[in-house]
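S.K.: Fit chains B, C and D to the known structure of chain A by using the hints.
Single-letter residue listing:
Number of protein chains: 4
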Amino acid sequence: MHDLAAQLAEVGRLCYARGWALGTSGNFSAVAGRNPLTLAITTSGVDKGLLEPSQIVEIDERGHLVRGSGKPSAEAALHLTIVRARGAGAVLHTHSIWSTILSDAAGDAAGELAIEGYEMLKGLDGVRTHEHREWLPIIENTQDWSAAAPRIEAKLREHPEVHGFLIRRHGLYTWGRDLQEAKRQVEIFEFLFEVMGRKRGTTWQA
Amino acid sequence: MHDLAAQLAEVGRLCYARGWALGTSGNFSAVAGRNPLTLAITTSGVDKGLLEPSQIVEIDERGHLVRGSGKPSAEAALHLTIVRARGAGAVLHTHSIWSTILSDAAGDAAGELAIEGYEMLKGLDGVRTHEHREWLPIIENTQDWSAAAPRIEAKLREHPEVHGFLIRRHGLYTWGRDLQEAKRQVEIFEFLFEVMGRKRGTTWQA
Amino acid sequence: MHDLAAQLAEVGRLCYARGWALGTSGNFSAVAGRNPLTLAITTSGVDKGLLEPSQIVEIDERGHLVRGSGKPSAEAALHLTIVRARGAGAVLHTHSIWSTILSDAAGDAAGELAIEGYEMLKGLDGVRTHEHREWLPIIENTQDWSAAAPRIEAKLREHPEVHGFLIRRHGLYTWGRDLQEAKRQVEIFEFLFEVMGRKRGTTWQA
Amino acid sequence: MHDLAAQLAEVGRLCYARGWALGTSGNFSAVAGRNPLTLAITTSGVDKGLLEPSQIVEIDERGHLVRGSGKPSAEAALHLTIVRARGAGAVLHTHSIWSTILSDAAGDAAGELAIEGYEMLKGLDGVRTHEHREWLPIIENTQDWSAAAPRIEAKLREHPEVHGFLIRRHGLYTWGRDLQEAKRQVEIFEFLFEVMGRKRGTTWQA
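Protein chains in written order, with the numbering used here: chain A, -6 to 199; chain B, -6 to 199; chain C, -6 to 199; chain D, -6 to 199.
Away from chain A, derived, C-beta distances all over 12 Å, residues of chain C:
#1 THR31
#2 GLU45
#3 ASP53
BS3-like mimics (lysine-lysine), calculated; alpha carbons at most 25 Å apart, straight line:
#4 LYS115(B) - LYS192(B)
#5 LYS64(B) - LYS115(D)
#6 LYS115(C) - LYS64(D)
#7 LYS192(B) - LYS192(A)
#8 LYS115(A) - LYS148(A)
#9 LYS115(C) - LYS192(C)
#10 LYS115(A) - LYS64(C)
#11 LYS192(A) - LYS192(C)
#12 LYS192(C) - LYS192(B)
#13 LYS115(B) - LYS64(A)
Just so you know, the hints here were simulated from the structure itself, not pulled from any lab data.
Beta carbons are placed, not taken as given, at the ideal position from N, Cα and C, and that holds for glycine.
The shape of chain A in the complex, shown without the other chains (with noise of 0.2 Å):
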């Protein structure tokens, strides 16, 4: 547990440093018992570029305290179930400008951001090569994740081969089996909003 705060820390303040957690904003998670779940979580309202593994808790399933103290992020529910949908080992949620701007795209009514052809794509788990068609879903905003959680769950069921989603006007979900592999796919998707929220931007449409 407090190799896992120290690596959440860590992450945490990586993704501060990049722009992607200011204020208090973002939040991050990994598995630290499968047996039952208990989940290493963000408390809500830490500076994440000061980040300390004493500003980490460990919860149980039902998003109850069991280790440390401080409140869990209001958003531990969602955390959870995606733990519980997909089996991740580690759960990262960024709040960066781009993700924020392209959530919100007019084009993006459908609610859905579909993301295709670039290399960058096979960093995302499973991927092998860059002729595939990523997308994510776009989730409406709420304050209320203990009531939106099931939909959320019973989506990323629907759809196993989403690497993440986004949420209006708010940021980025992704995971990965680990820290690392959830890492990495912040990088990957972070990397491509800002080049197709760029492309947009320019008076050439490619």
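M.R.: Chains B, C and D only, in chain A's frame:
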């Protein structure tokens, strides 16, 4: 006072690193005593990338130097105004690319900038949902802040809901109960300014 | 070999810090021996932000591992091709936002990107004046570089004047007599790509 | 001289970190002696991210090496010209994305760039209010600065109000009484260039 000066110096260096206090721009203060009111504040003409505690002085409520050496910021009158009108414990003023651009946008002729519907707004003091409309007054720039202060104090008292304001082609003022809260709000606003500025630069408008 | 691995690791961490090798993207090599030819090269799937000398292996001219453990980059065939065709001492491959965008621009349908008239071009090997027209071939992406290598080798031999090439929606390859020259050329090209990409995004076209 | 070299090296590394001196671009000098005039200046072809005091040499007023080893920058003639025409104590030359773009903007055919009405202008020597119109001559690029120097010296003497100039598709020159003032002015100009460049890229024009 020494701890406060060290914390202010650190905030200054962080803002410089993000490009929010280049040149000698930006100034930062925190309440050192309440009765009588004294304020720790950065001195004028200092490189924020090299900010040292010795470059922070203490002033009284009329802006006179009571401890340290150096010239208090020319905008000290504004800091004192905000502390009085809001009971703030810390006041931060940054000069960023995006606040400069947004403070000058043609569409904001009415003298305000509105930001609505973003999750990141929850980082502002007392905001509990993304379904929130934040607005920042845009104040015309001047070189005589002592003369302008009463007008700004009246505006702040009239609109207790605002968390910051912009000075046209100049930058952002925000504040908090303490330095940590004020720093968090700088990051929240700067993030949202960049989102809004970049959205306007795109060929689609969401 | 140990020094070379340490230098390659440092170049990798620098590219990661600039956002040119996020996720596990990018791969870097340098000639370790000439007779017979051996190449120090990054292994596959490595986080470039944490790149260590132990993650660099040595391969022979057929791409077989001769020292170290790990899987050589899937693009090792391309590195060997460039070393053979150009007598290069080091080969660097980055995935940046702007190279990805420019490699895919509609106006470059002819399969090349031209850059002309910038002082920065003088950072490329042998260029003595800004009155220079540099061009980079744009090569279609593939997952079978061994098959594509002969075609690329022919192109490099046919056009001895080029200092690098782009792979569509993928990134940049450049090289140099040694690692220092190759690193300099990465910076030159990435600077120029950003200038060109941002110019196209402006409402005036210079 | 040793202190000066250490300070120049630090300024060079800072400019490199901000992306204003990539590749081997940029060169930096400071007056080492006044009678006779000698100048500490960066040598040619040096990686500014690794700049060391030993890579700074001392030259006389004709540009001849008087201390240290290495080739003085090819633009040493320009540095000497500025020191003579302005009595400057330090001269800094950066190659940034935005100065490159703005120096080449179609609308600036008249050979100057004007910046007006920004608070940040007060960071320039002697500017006391944002109600100021700063302008920078835009000089055509050349590879023969010794030949161009008399024309530039005349321009600088004719216009004592300018704080810097641009070379087309090349970069910025600015100067100051000492290195600290020159560094501050680089930051002021680079900030303002980015503001102006980004405003032109937006769909609304303020």
